[in-house]
Amino acid sequence: MSQSAVVSRRAGKNYLNVETSVKSWLLTRDHKRIGLMFLVLNVGALFVGGVFALLLRFEHLSPGPTIMDAITYNRLFTLHGVVMVWLFMIPAIPSAFGNFLVPLMIGAEDVAFPRLNLASVYLYVAGALIALWGMFHGGADTGWTFYTPYSSMTPTKVVPILIGVFIIGFSTIVTGINFIVTIHTLRAKGLTWMRMPLFVWAIYGTSIIQVLATPVLGLVLLLIALEHSLGLGIFDAARGGDPVLFQHLFWFYSHPAVYIMVLPAMGVVSEVIACFARKNPFGYKAIAYSSLGIAFVGFFTWGHHMFVSGQSTFDAGAFAVLSMLVGVFTAIKVFNWVATLYKGSIQFRTPFAYICGFLYFIVFGGMTGVAVATVSLDVHWHDTYFVVAHFHFIMVGATLMAFLAALHYWFPKMFGKMYNEGWGLVSAVLIILGFNATFIPQFWLGNFGMPRRYYNYPERFQWLHVASTAGSTLLFFGFMIILIYLFIALRFGRRAEWNPWGSRGFEWRTATPPPTHNFDQAPVFTHGPHEYHEPHEVDLA
Amino acid sequence: MNEFLRRLLFLPEQASSVAPGIDHLHYFVIITTMLMSAVVGWTALGFFIRFRRRSEIETTPRIEPGWKFETLAVGLPLIFFLAWFWMGFHAYIRLATPPPNSMEVYVMAKQWMWKFSYPGGPNAISTLHVPARRPVKLLMTSRDVIHSFFVPSFRIKQDVLPGRYTQTWFEAVEPGRYQILCAEFCGTDHSNMRGEVVAMRPEDFDAWLNEQRRGLTNRQDMAASAQEPVPPLTDMVEQGRRLAVAFACVKCHTIDGSPHIGPTWLDLYHRQERLANGDTVEVDEGYITESMMDPRAKVVAGFNPVMPTFQGRLDGPDTAAIVEYIKSLRSERINPTPSGGPAYEPIRGR
Amino acid sequence: MPDTHVHRAHHFQDLGKQVHAERLGMWLFLGTEVLLFAGLFVGYSFYRTLYPHAFAEASHHLDTPFGTLETFDLITSSLAMALGIHFTRTGRRRLSVAAVALTILMGLAFLGMHSVEYRHEYLEGMLPGQYYHFAELPLAGASLFFTMYFLMTGLHSLHVIAGVGVLTYLCVRTYRGAYSPAYQTPLELGGLYWHLVDMIWIFLYPLLYLI
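Protein chains in written order, with the numbering used here: chain A, 1 to 541; chain B, 1 to 350; chain C, 1 to 211.
These are computed hints drawn from the structure, not numbers from a lab.
Here the structure is a predicted model, which is why all the values come from computation and not from measurement.
Cβ coordinates follow ideal geometry from the N, Cα and C atoms, glycine included.
Please note that a few of the clues may not be correct.
Stated by the list, open to error - From chain A, some residues computed to sit far from chain B (all C-beta separations above 12 Å): (1) V51; (2) L430; (3) I481; (4) F487; (5) P513.
Claimed, not checked - A few chain B residues facing chain C, derived, Cβ under 8 Å: (6) D294; (7) A297; (8) P308.
Produce the complete structure using the sequences and hints provided.
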């Protein structure tokens with residue numbers, strides 16, 4: 001390999017131990033440290049949101065009050081949604097892994113605007129703190145969608161949560177702008193667009209969505225906050241306003257937001273699958289362009305959240321057919337990933353186990369997705385547990401699987417330590433099983449006619465709820481195991497080899513963990529990142 | 001087969017005329033998706049086993065897709081998805097278009113109850129009595145937040161919005177009782193906002209309706225004598241008449257056919273009116289409500305634009321009552337033709 | 001050039017790339033600003049099609065000559081800003097400071113004129129939503145016009161205030177000689193932001209005052 005950007009493998013100082021004071025972390029402009037801080041914050045958010053989810057599941061063990069009253073339940077499902085969507089899912093892969101990896105993958109020293117990058121951490125923290133403050137002083141009971149008129153008249157404290165999410169939106173915009181500019185201007189010599197790693201392509205598509213959609217969300221959240229606190233009557237039917245306008249504006253952001261969550265996940269999968277199959281991704285261009293295709297078409301499908309809201313039949317048809325296109329783009333990716341395995345050399349390790357989970361969830365979640373885009377079927381499914389189960393499969397299942405795959409794949413790169421492979425596989429199996437046990441009963445519940453956000457439900461639904469709760473407990477144990485063995489790995493883990501998976505990705509070219517400035521000399525790229533068919537040189541150094 | 005799949009998928013009974021069709025599409029979509037997913041899954045599994053890593057220095061060939069594979073990967077899902085879209089959209093149009101001979105019932109939703117009003121008939125809370133085997137059109141509005149009218153057994157759902165009317169329809173195939181659920185989160189007691197559709201044999205329904213109407217008059221007589229508070233159940237037309245007096249509509253609009261400050265209400269419904277700007281409109285519910293909310297939008301030729309707006313002064317049910325009152329004012333007492341057409345959109349200025 | 005090293009951050013290979021990155025970042029940021037306003041423009045057009053009559057009537061009650069004056073003021077300030085950048089590029093620092101200061105003054109004048117307008121509307125009762133009590137215009141939808149008016153001009157005024165703050169900082173930096181013909185990107189980016197604020201007003205003015 002003629003990649004010139006290789007440093008000695010046993011470099012004594014890396015980005016973790018070059019400075020260790022708290023101040024050096026809090027004021028760092030190093031994209032790797034910022035990525036790590038986001039990772040810790042995101043895992044924290046995942047834990048909080050997960051505990052909320054578990055409490056909700058336990059409440060559903062019986063109809064009516066089980067462990068909480070109706071208002072608490074309504075607040076909890078709102079907070080579960082807010083925390084999981086805005087504090088975990090949206091920043092999880094772009095802000096944590098994107099920050100850590102994009103400069104490494106394109107051979108840059110840092111992102112284009114390191115100070116703004118640090119600011120985005122603090123914006124995230126500030127937004128999260130304001131939202132948390134709101135949660136402990138009344139919370140909100142509107143659902144994470146904040147539908148007006150209910151959100152304009154709810155007696156709960158919805159404003160701090162809106163403001164919190166608004167500020168987190170800024171953090172997202174800053175991250176997005178940073179990535180686009182970084183990818184445009186800081187690619188190392190020789191790294192053409194068609195040589196970029198697929199993860200970088202996915203982050204690029206994601207950033208475009210973040211930059212284009214988030215301002216509209218910011219505006220609409222501000223409008224709801226004004227409506228709630230001042231009664232401006234923008235969406236108030238009694239003053240001639242139209243509450244459905246809010247839904248249009250909200251979903252104009254929040255539908256593309258789904259792709260903010262899932263596109264980076266697809267990027268992770270392309271990287272990991274190529275590495276563990278030791279093969280170039282089948283149809284690199286198809287995968288790269290379909291990311292952009294999803295980013296583009298994703299902006300024109302928001303109306304499929306509103307099939308029963310009273311929009312015209314024509315609108316419903318148009319949005320339905322456009323939604324089908326997203327299914328086609330996703331299908332292209334799935335076919336290409338599976339085809340990548342053909343004639344590969346497949347090594348089954350923990351990250352790959354999560355990739356299998358990902359493929360499963362994206363296929364079934366995607367298929368139920370085109371099913372709910374079939375307008376007349378959606379009339380029955382809309383706002384029922386079927387939709388809940390569908391988006392937990394595609395958006396949570398897929399993103400979570402990719403997040404865990406990324407965590408296990410790049411853990412050695414980030415920390416220079418190895419985790420216990422056996423426990424890794426055990427928890428992967430537990431989590432995939434638990435996820436299925438939680439949400440497959442919910443598909444049935446939805447078919448059965450169980451509406452979402454129901455505190456009290458007719459008795460005929462009970463046994464399916466009990467099954468779902470049992471599954472969620474399994475899921476929780478799976479996560480706890482991960483937390484424990486990763487913590488043990490950090491303290492006592494075996495020192496990671498320089499490139500433990502034999503990856504050809506550019507991020508593995510530099511030392512593990514990387515030094516503060518990533519590369520000792522400016523790297524020059526002569527190959528693509530996934531060229532596993534090249535003769536396998538033993539050390540690449 | 002239908003029954004087996006329905007139970008396997010946990011679908012509720014098929015109690016409306018559209019339900020079996022929708023379920024058949026449901027089976028078709030689910031079976032094809034499961035088959036396609038299974039093919040993808042088994043292929044992947046086959047590859048895992050066939051191409052597992054046998055030695056650490058194994059190398060792999062570079063394989064790039066040809067145009068045939070790409071065309072197939074795009075074309076196959078596209079054809080399937082478009083087929084589903086086409087079938088689904090057809091069924092959706094049917095769901096969205098009430099048959100012209102539907103019986104109309106007004107639905108008013110509020111936190112956390114459903115109220116049903118029959119034109120010229122009684123009002124009812126939480127229980128919707130309908131005749132089986134006759135299409136019923138629901139004209140729905142909300143008094144506060146957004147609700148959603150959901151009857152799982154009928155496979156219908158429609159959001160109910162404040163400030164405008166949305167519509168849905170169904171035809172119950174068998175007499176029976178079917179649960180109504182609210183599907184759009186509407187506050188603390190959202191999950192208890194339930195109701196029931198009681199489908200009766202058509203002749204039973206007619207008897208029930210007559211009985212209710214008689215009971216109504218009886219109760220009003222009793223109320224007058226016993227000085228009880230006026231019962232909430234009133235005839236919509238009568239209610240509309242009272243509102244028209246209370247809001248002084250009748251000071252400008254006569255009900256005997258003579259023109260006054262505004263056009264007369266007699267025979268107004270379904271009349272062709274010439275507007276000041278030269279257009280003609282047919283007076284329907286939409287035009288009447290629009291004229292109440294935005295009177296200057298379409299002024300009838302020969303009258304001055306002096307009517308104030310009732311936006312914010314009349315809520316949904318009141319508006320509906322006045323519309324029903326106007327509809328009832330006809331010189332010959334023939335049955336008015338049913339009003340088909342799109343949902344009423346009272347606040348729109350189109 | 002010696003002072004290029006002062007400005008270049010370590011992770012850029014050369015100043016040219018850095019300037020390219022900064023410009024691209026600014027344009028993306030301006031894009032997000034446009035989209036922020038886009039939501040309001042959508043709301044405005046939607047309600048205008050619902051209440052064409054009321055919106056037309058209500059817009060006649062705004063002070064059009066005053067609005068025209070404000071438009072004139074803002075467009076002229078953009079010219080001053082462009083001149084400011086031009087003078088820095090050609091090395092005439094004092095003229096540049098004067099031009100940027102003029103821009104700031106015109107921005108402040110705009111804010112002053114607009115607050116006079118707001119005061120007038122406050123006294124007349126042309127206020128958003130539940131506060132609307134303007135007797136001459138009882139039409140449905142009129143209060144929505146003023147809701148949209150206050151939201152759009154309010155958000156715009158916030159941007160003018162932010163712009164004045166940014167320009168003041170840049171003016172002081174220019175005065176202290178931080179920018180030279182070789183490197184004046186921050187001033188240029190500040191100018192871009194100011195032009196965007198103007199552009200938005202150029203769309204607001206006809207929508208609210210003229211049609």
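Q) If you check each hint against the structure, which ones fail? A) Per hint list: zero violations.
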